[in-house]
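If you read the sequences in order, they're chains A and B.
The numbering used here applies: residue 248 is where the first sequence begins, and numbers increase by one.
The numbering used here applies: residue 131 is where the second sequence begins, and numbers increase by one.
If you're looking for bench data, these hints aren't it; they were derived computationally from the structure.
Because the structure is a prediction, the values reported are computed rather than measured.
Listed next, with one range per pair, are the computed distances between beta-carbon atoms:
1. B:152 / A:376: 24 to 30 Å
2. B:168 / A:402: 31 to 37 Å
3. B:204 / A:367: 53 to 59 Å
4. A:458 / B:323: 19 to 25 Å
5. A:444 / B:199: 54 to 60 Å
6. B:277 / A:416: 36 to 42 Å
7. A:402 / B:524: 57 to 63 Å
In this text, a Cβ means the ideal position worked out from N, Cα and C, and glycines have one as well.
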Amino acid sequence: MSQSLSGATHETPAALGALEATLRAARDAGRKLLVPYVTGGLSSEWCDVVRAVAAAGADALEVGIPFSDPIMDGPTIQAASARALAEGATPARIVAELGDLDVGIPLAVMTYYNIVFRTGHRRFAHRLIEAGVSGAILPDLPLDEVGEWARAADDAGVETVMLAAPTTADDQLEPICRRAHGFVYGVGLLGVTGERDELAVSARRMAQRLKAVTDKPVLIGVGVSNPEQAREVCAEADGVVVGSALVRRLLDGGGPEEAASFVGELRAGIDG
Amino acid sequence: MAVPASFGATMGEPSPTGRFGEFGGRFVPESLIAACKELEGAFRSAWGDPGFRGEYARLLRDYAGRPTPVTECRRLSDRLGVRVLLKREDLTHTGSHKINNVVGQGLLARTMGKRRLVAETGAGQHGVATATAAALFGLECVIYMGTVDVRRQELNVFRMNLLGAEVRAVDSGSRTLKDAINEAMRDWVATVETTHYCLGSVMGPHPYPWMVRELQRVIGDEARSQCREVLDGADPDVVLACVGGGSNAAGTFAGFVDTRVDLVGVEAAGGAAIGRGVPGVVHGMRSQLLQDEDGQVVEAHSISAGLDYPGVGPEHAYLAEVGRARYVEAGDQEVLDALRLLSETEGIIPALEPAHALAYLIRAAGGEIPTGSTVLVTLSGRGDKDAAEVMELLR
Chain A
248 MSQSLSGATH ETPAALGALE ATLRAARDAG RKLLVPYVTG GLSSEWCDVV
298 RAVAAAGADA LEVGIPFSDP IMDGPTIQAA SARALAEGAT PARIVAELGD
348 LDVGIPLAVM TYYNIVFRTG HRRFAHRLIE AGVSGAILPD LPLDEVGEWA
398 RAADDAGVET VMLAAPTTAD DQLEPICRRA HGFVYGVGLL GVTGERDELA
448 VSARRMAQRL KAVTDKPVLI GVGVSNPEQA REVCAEADGV VVGSALVRRL
498 LDGGGPEEAA SFVGELRAGI DG
Chain B
131 MAVPASFGAT MGEPSPTGRF GEFGGRFVPE SLIAACKELE GAFRSAWGDP
181 GFRGEYARLL RDYAGRPTPV TECRRLSDRL GVRVLLKRED LTHTGSHKIN
231 NVVGQGLLAR TMGKRRLVAE TGAGQHGVAT ATAAALFGLE CVIYMGTVDV
281 RRQELNVFRM NLLGAEVRAV DSGSRTLKDA INEAMRDWVA TVETTHYCLG
331 SVMGPHPYPW MVRELQRVIG DEARSQCREV LDGADPDVVL ACVGGGSNAA
381 GTFAGFVDTR VDLVGVEAAG GAAIGRGVPG VVHGMRSQLL QDEDGQVVEA
431 HSISAGLDYP GVGPEHAYLA EVGRARYVEA GDQEVLDALR LLSETEGIIP
481 ALEPAHALAY LIRAAGGEIP TGSTVLVTLS GRGDKDAAEV MELLR
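Only chain A is shown next, with the shape it has when bound in the complex:
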């Protein structure tokens, strides 16, 4: 019987993981942070897409392990997940393929908790470490439920990125940030992943609230769709996560070049 309340008692380990160390160093050198998202297993050339995106100015990369029931994702990532699963993507294969990549920037996987739960907390964490993956993002594993995974992740050296949302109570922001490793993922709006015509007012506000309580890198994702929006939110945030806008280009038939070109535009946008 697991009655563990939360991972809030686990403090930041003495040594920073590669993801947080890299992002902190870049930020402290005055650079805005860009973390693109790619759905793992989306096509036979997805690893080439990852390489191209990494070389186009990303500071770290988020790779989605597709899940059958992605409740935090909008139509684009849903479609990408369904396509990857239809192509035969499995968690073990995606992580193994990441292990064969040497992209020179830290990697984090994004997936849903049942994939971890079914694999086994320790086994999943060790798989990531063996493949050279630094971090994990589990959007349906909030602070009060993260304890069991967090213990396994901390022990193995996996950095667990925590999410904060516009509806998160003020008194919860600090415990969330304390539990976060790698970076703090601020959800830019109330809603699921997907492109929006305009940056939500809540995105900048989210970044402000998080920056006020943590010195960990604060990245805003969900609803950050183009270079202009990325630059706008970077006025407050340390950086951005961009997923659906990139994945849509891949779903529309784009390959490594198109992906690299878009990431280059995002880079120029936040540097500009």
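With the hints as your guide, set chain B onto chain A.
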């Protein structure tokens, strides 16, 4: 007769983290955490408030038509050699037990100042019930329903529209209940400040499994005293209810859990999360789940849209684990036979969902359920909604 391994210590309030044993919890995006906590607080205070309880009881009586009777089935009993009593949820307003839940949640939504209800539906019964409550309380209403279910429950779609609700067809995944829940949760993630998610079963994140069971326990509480009247102060030997998410079963079992009654939940063979699933986490809860070795959720397949669900409420997973209830299966063909038999012997056309409980009863009578036993079956809904589909299947 199976002797319960433990009784009395179950079906109370879950742990502070919403656990029934190791099952339950609150595995939702951070965006929804504040809303789940708000709902938990609102329900806790409302459930302890005589004013709220009084208004809820009045609505169940004057609007939903409670109490529902317990009907003794003389001809079916003769046929099976066991004494069969039916708890008649089919006689409520809207034709199923779902009304008990939505009247309660509608009142709560009003208390919390939410102007809009969203809900998922499989068979359409919960969608119709939610649309009904929304009309009653003057709330906006959006119902998510898989495209497969929209097709097989056309009449219910029309009823929801008549009641002023918008029905949004969900064309992702298996296009059934599971995917309707995903889409309802996505809506709620985006609209949580103004919207209440009126979840239809004893599933989802805490406090839903607990709250919906409490809102449905009127079934079991009524049935217990009604049975004692009929049975000269005794309880039935066996209590049967169908289990998809498991709300009518949870409400029924809650009335008998502290007795020695043999509690039996009947799952659809193609959606038997307890019988064939393994522990997993989906839709905000840790429970038993049909999934593959990678953790991908497997599609359920049942003749009954209401039981076409690969998970189950976490409290049922717990009751199964501790042995206080047992869970069995019924297959599509025997369900159709059972529907026919009850119709012909008693003049009651059951919905396909409770026909699963009847199918098990017919198979087990004289065997697992010894001749001469007294059995209460919760007839969770009426068969009108299924008439068109059953007509096709029987042809």
